Amino acid sequence: RKEVEQDPGPFNVPEGATVAFNCTYSNSASQSFFWYRQDCRKEPKLLMSVYSSGNEDGRFTAQLNRASQYISLLIRDSKLSDSATYLCVGDTGGFKTIFGAGTRLFVKA
Amino acid sequence: EAGVVQSPRYKIIEKKQPVAFWCNPISGHNTLYWYLQNLGQGPELLIRYENEEAVDDSQLPKDRFSAERLKGVDSTLKIQPAELGDSAVYLCASSKGQGLYEQYFGPGTRLTVT
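Same order as they appear, the protein sequences are chains Y and E. Following my numbering, the numbering of the first sequence begins with 1 at its first residue and continues without gaps. Following my numbering, the numbering of the second sequence begins with 1 at its first residue and continues without gaps.
None of these hints come from the bench; they were simulated from the model. Values in this document were obtained by computation on a predicted structure and should not be read as measured data. Each residue gets a CB set at the ideal place from its N, CA and C atoms; glycine is no exception. Wrong hints could be hidden among the right ones.
[To be verified] Subject to a maximum C-alpha distance of 35 Å in a straight line, what follows is the list of computed DSBU-like cross-link-like pairs (lysine-lysine):
| no. | chain 1 | residue 1 | chain 2 | residue 2 |
| --- | --- | --- | --- | --- |
| 1 | E | K15 | Y | K2 |
| 2 | Y | K42 | E | K11 |
| 3 | E | K62 | E | K11 |
| 4 | Y | K45 | E | K96 |
| 5 | Y | K42 | E | K96 |
[What the hints assert, rightly or not] Have a look at the derived ranges for each label pair, beta carbon to beta carbon:
| no. | chain 1 | residue 1 | chain 2 | residue 2 | range |
| --- | --- | --- | --- | --- | --- |
| 6 | E | E68 | Y | R76 | 42 to 48 Å |
| 7 | Y | Y51 | E | R9 | 14 to 20 Å |
| 8 | Y | S52 | E | E68 | 34 to 40 Å |
| 9 | E | L70 | Y | K42 | 27 to 33 Å |
| 10 | E | R9 | Y | N22 | 32 to 38 Å |
| 11 | E | K16 | Y | L80 | 42 to 48 Å |
| 12 | E | T76 | Y | K42 | 32 to 38 Å |
| 13 | Y | S53 | E | T112 | 40 to 46 Å |
| 14 | Y | S53 | E | K96 | 20 to 26 Å |
| 15 | E | K96 | Y | R59 | 23 to 29 Å |
| 16 | E | V5 | Y | C40 | 17 to 23 Å |
| 17 | Y | R59 | E | A54 | 37 to 43 Å |
| 18 | E | Q80 | Y | E56 | 43 to 49 Å |
[As the list claims (entries may be wrong)] Far from chain E by the CB rule (all over 10 Å, computed), these chain Y residues:
| no. | residue |
| --- | --- |
| 19 | F11 |
| 20 | V13 |
| 21 | S49 |
| 22 | E56 |
| 23 | G58 |
Required output: the full structure, derived from the provided sequences and hints.
So, in structure tokens, the structure goes:
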């Protein structure tokens, strides 16, 4: 089992839709989690950190479920510009960060 | 604030040739990472530096890959000799510290080995 797993998608949604991605992690000692966004042929860019209490940034909400060992990303009112690959990242409990393979999102007009 | 700088942006070499990539992290960031990213995959860690010390190089293929971070700032990643399977994007990232800190990526070097 991979340490960090994501559904590769693609998710095809219309503008204005709400879409959610999950990411599971295998190491119960993991402490820190992040969501990154990566556009085609570009570097990953930090989208948001994932806190135990959950956090929200505009249309984006991240949640952590330690009991089930997954993190989620919710995007409300999807925009065309949200089309990208979303990478989840977890640490292994020893400062080593592991990236998932990414979930591809296409938002259509 | 300047971001992570990498050069070159693109490199095409023949197999068995050497190649080197350079990275300048964000000022004040003590932790520097080198990743390899293949198409359709997430970045895979090659080596992590804390200042000038390589604290995790377990995923670095040491028979052909080497890295250094002299003076704890800039870093160089080298491959010698390159193989066809080394074609990928090599990403450098930096963070203020290990683990709980966000990482910021450079634009990457796209390597093609022919």
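Evaluated hints:
no., hint, result
1, E:K15 <-> Y:K2, "31 Å, holds"
2, Y:K42 <-> E:K11, "16 Å, holds"
3, E:K62 <-> E:K11, "21 Å, holds"
4, Y:K45 <-> E:K96, "16 Å, holds"
5, Y:K42 <-> E:K96, "22 Å, holds"
6, E:E68 <-> Y:R76: 42 to 48 Å, "46 Å, holds"
7, Y:Y51 <-> E:R9: 14 to 20 Å, "35 Å, violated"
8, Y:S52 <-> E:E68: 34 to 40 Å, "38 Å, holds"
9, E:L70 <-> Y:K42: 27 to 33 Å, "29 Å, holds"
10, E:R9 <-> Y:N22: 32 to 38 Å, "34 Å, holds"
11, E:K16 <-> Y:L80: 42 to 48 Å, "45 Å, holds"
12, E:T76 <-> Y:K42: 32 to 38 Å, "23 Å, violated"
13, Y:S53 <-> E:T112: 40 to 46 Å, "45 Å, holds"
14, Y:S53 <-> E:K96: 20 to 26 Å, "22 Å, holds"
15, E:K96 <-> Y:R59: 23 to 29 Å, "27 Å, holds"
16, E:V5 <-> Y:C40: 17 to 23 Å, "22 Å, holds"
17, Y:R59 <-> E:A54: 37 to 43 Å, "40 Å, holds"
18, E:Q80 <-> Y:E56: 43 to 49 Å, "48 Å, holds"
19, F11, "15 Å, holds"
20, V13, "20 Å, holds"
21, S49, "6 Å, violated"
22, E56, "17 Å, holds"
23, G58, "18 Å, holds"
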